[in-house]
Amino acid sequence: MLIFHHVRLHLNVLARPPVRRVLYKQVYFTANEAAWLVAITGFALGAIVVEQLHGQYGQSREMALRLLGSLSFVELSPLLASLMMVARSSSAVAIELASMRVAGEVQELERMGLSVTAYLLLPRILGMAIAAVILTATMALASVAGGILLASGWDASYQILALERMLRMQEVLLCLAKATSFGLFAGALACHAGFSVAMQPSDVPKAASRAVLRGLLALFVLDLIWVIVR
Amino acid sequence: MSLLFSPNPLLAEGHFWLTLAEKEDANVLINQLARSANEMESGSLAILEARPVLISNLRAWENLILPRWYHHGENLLQHDRFLHDLLQRAEVNEQQFHSALERLPGQLDLGQRRVIALLRAYMQEASCWVLEEEWLEWLLDPRGRNPVLAKIYQCMPQPKSTLVLSLKACPQEKYQEVAMLAQQVGEGE
Numbered sequence: 001m002l003i004f005h006h007v008r009l010h011l012n013v014l015a016r017p018p019v020r021r022v023l024y025k026q027v028y029f030t031a032n033e034a035a036w037l038v039a040i041t042g043f044a045l046g047a048i049v050v051e052q053l054h055g056q057y058g059q060s061r062e063m064a065l066r067l068l069g070s071l072s073f074v075e076l077s078p079l080l081a082s083l084m085m086v087a088r089s090s091s092a093v094a095i096e097l098a099s100m101r102v103a104g105e106v107q108e109l110e111r112m113g114l115s116v117t118a119y120l121l122l123p124r125i126l127g128m129a130i131a132a133v134i135l136t137a138t139m140a141l142a143s144v145a146g147g148i149l150l151a152s153g154w155d156a157s158y159q160i161l162a163l164e165r166m167l168r169m170q171e172v173l174l175c176l177a178k179a180t181s182f183g184l185f186a187g188a189l190a191c192h193a194g195f196s197v198a199m200q201p202s203d204v205p206k207a208a209s210r211a212v213l214r215g216l217l218a219l220f221v222l223d224l225i226w227v228i229v230r
Numbered sequence: 001m002s003l004l005f006s007p008n009p010l011l012a013e014g015h016f017w018l019t020l021a022e023k024e025d026a027n028v029l030i031n032q033l034a035r036s037a038n039e040m041e042s043g044s045l046a047i048l049e050a051r052p053v054l055i056s057n058l059r060a061w062e063n064l065i066l067p068r069w070y071h072h073g074e075n076l077l078q079h080d081r082f083l084h085d086l087l088q089r090a091e092v093n094e095q096q097f098h099s100a101l102e103r104l105p106g107q108l109d110l111g112q113r114r115v116i117a118l119l120r121a122y123m124q125e126a127s128c129w130v131l132e133e134e135w136l137e138w139l140l141d142p143r144g145r146n147p148v149l150a151k152i153y154q155c156m157p158q159p160k161s162t163l164v165l166s167l168k169a170c171p172q173e174k175y176q177e178v179a180m181l182a183q184q185v186g187e188g189e
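From first to last, the protein sequence lines are chains A and B.
Per the working numbering, the first sequence starts with residue 1, numbered consecutively.
Per the working numbering, the second sequence starts with residue 1, numbered consecutively.
The hints are simulated quantities; they were obtained by calculation from the structure and are not laboratory data.
Cβ coordinates follow ideal geometry from the N, Cα and C atoms, glycine included.
Just so you know, not all the hints are guaranteed correct.
[What the hints assert, rightly or not] Just so you have them, the derived chain A footprint on chain B, three or more residues with Cβ under 8 Å:
#1 21-34
#2 47-61
#3 65-73
[As the list claims (entries may be wrong)] Example chain A residues on the side facing chain B (calculated, C-beta under 7 Å, incomplete):
#4 Pro18
#5 Arg20
#6 Met112
Taking the hints into account, I'd like the entire structure generated from these sequences.
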């Protein structure tokens with residue numbers, strides 16, 4: 001109960017316009033600018049998986065598409081999209097926060113009465129979680145599109161209309177839940193890396209490498225936990 | 001470290017002066033004052049440092065409205081009007097001024113950063129201002145001061161109290177000297 005109260009207390013700060021603005025900016029830079037990259041990767045991934053299943057392992061096209069739906073939504077897309085997000089954005093968040101801290105900007109915010117948790121950390125962590133969900137959904141849908149196009153060619157419209165045979169609601173929800181957890185952890189680790197370096201400019205690059213390495217490690221450990229608890 | 005001031009510039013009205021033993025003490029003092037002021041009312045202390053710290057990833061305009069926007073909410077148009085009224089009273093050429101407001105802090109010189117810091121203090125409507133000694137010299141020196149800043153400063157409503165942090169002795173005729181009453185170690189600073 002105490003944790004929920006604490007979380008609700010912090011989420012209330014989203015009512016403040018400058019906090020929402022930081023959140024929107026984080027989602028924009030993390031999700032919007034990477035969406036094309038993730039979509040193309042997902043499209044190629046879907047086509048490769050279907051080709052492998054059909055050509056190498058002798059599955060029928062119909063079965064290959066069903067396997068792709070399950071594989072992509074439950075395993076590949078949350079992990080791959082989050083990996084790309086960590087590689088691209090965790091370092092940016094960590095460098096930004098570490099630089100702000102070294103330059104005395106974090107202290108200045110505190111002096112002006114702004115909550116560092118509310119203004120700097122919460123919107124970045126939430127922004128990365130929202131971005132992870134958007135990027136995962138983009139990759140999952142693009143992979144299905146790539147797989148369908150490779151498997152069915154000009155008959156793709158038939159497969160798209162029968163999409164529910166490939167996807168189950170439970171898998172879609174699991175996909176989104178995994179992406180949310182990956183985003184939250186990656187965001188929290190990036191913020192921690194940004195705030196844990198020494199107060200000297202030469203230590204700022206260390207924050208970037210810590211954020212990426214710890215973020216990557218956390219994704220795989222979390223994925224393993226999801227496999228165990230599922 | 002916990003400090004007590006007599007008279008307390010956060011509670012009393014007027015112009016106050018605090019003589020520092022070393023320049024490095026200013027940082028600790030400002031932090032302590034800010035913490036106490038924010039406990040009383042968030043954003044009630046404005047700080048005018050010799051080298052103003054602005055948030056580097058926000059434009060100058062965003063920097064100067066940030067504390068007001070955070071504490072008061074409202075919509076941006078109201079804040080814009082509040083600033084516009086002051087600039088109009090100070091007869092500042094707003095078109096020229098707006099080009100500076102669009103820049104990032106890294107693109108501003110020290111004088112422009114000080115103007116933004118002063119406007120931020122005005123927008124914040126803080127009841128107490130803490131000034132580092134360089135500010136005072138800069139404001140009083142007619143050759144060194146920025147003409148835009150001078151006009152704006154003259155048109156600004158003054159805060160309830162101001163506290164100057166200086167290494168020099170207090171000029172008794174203009175300022176009331178502040179003494180530090182107690183210093184306790186305990187908060188792990």
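Report task. Mind checking the CB of A/Arg20 against every CB in chain B and telling me if the closest is under 7 Å? Result -> violated, 11 Å
Query raised in the report: How does the coverage statement for the stretch 21-34 of chain B fare against chain A, requiring three or more residues with Cβ below 8 Å from a Cβ of that chain?
Result: Held - the stretch 21-34 of chain B has 3 residues with a Cβ nearer than 8 Å to chain A, which meets the minimum of three.
Requested in this report: Check whether three or more residues of the stretch 47-61 of chain B sit with their beta carbon closer than 8 Å to a beta carbon of chain A.
Outcome: n = 6 at 8 Å, threshold three: holds.
Query raised in the report: For the hint on A/Pro18, does the least C-beta distance to chain B fall short of 7 Å?
Result: holds, 5 Å
**Report entry** Hint status (Cβ of A/Met112 to nearest Cβ of chain B, threshold 7 Å)
**Finding:** With a minimum Cβ separation of about 4 Å from chain B (threshold 7 Å), the hint on A/Met112 holds.
Query raised in the report: Do three or more residues from the stretch 65-73 of chain B put their C-beta atoms closer than 8 Å to C-beta atoms of chain A?
Result: Satisfied; 6 residues make the cut.
The structure fails to meet hint 5 from the earlier list, while all remaining hints are met.
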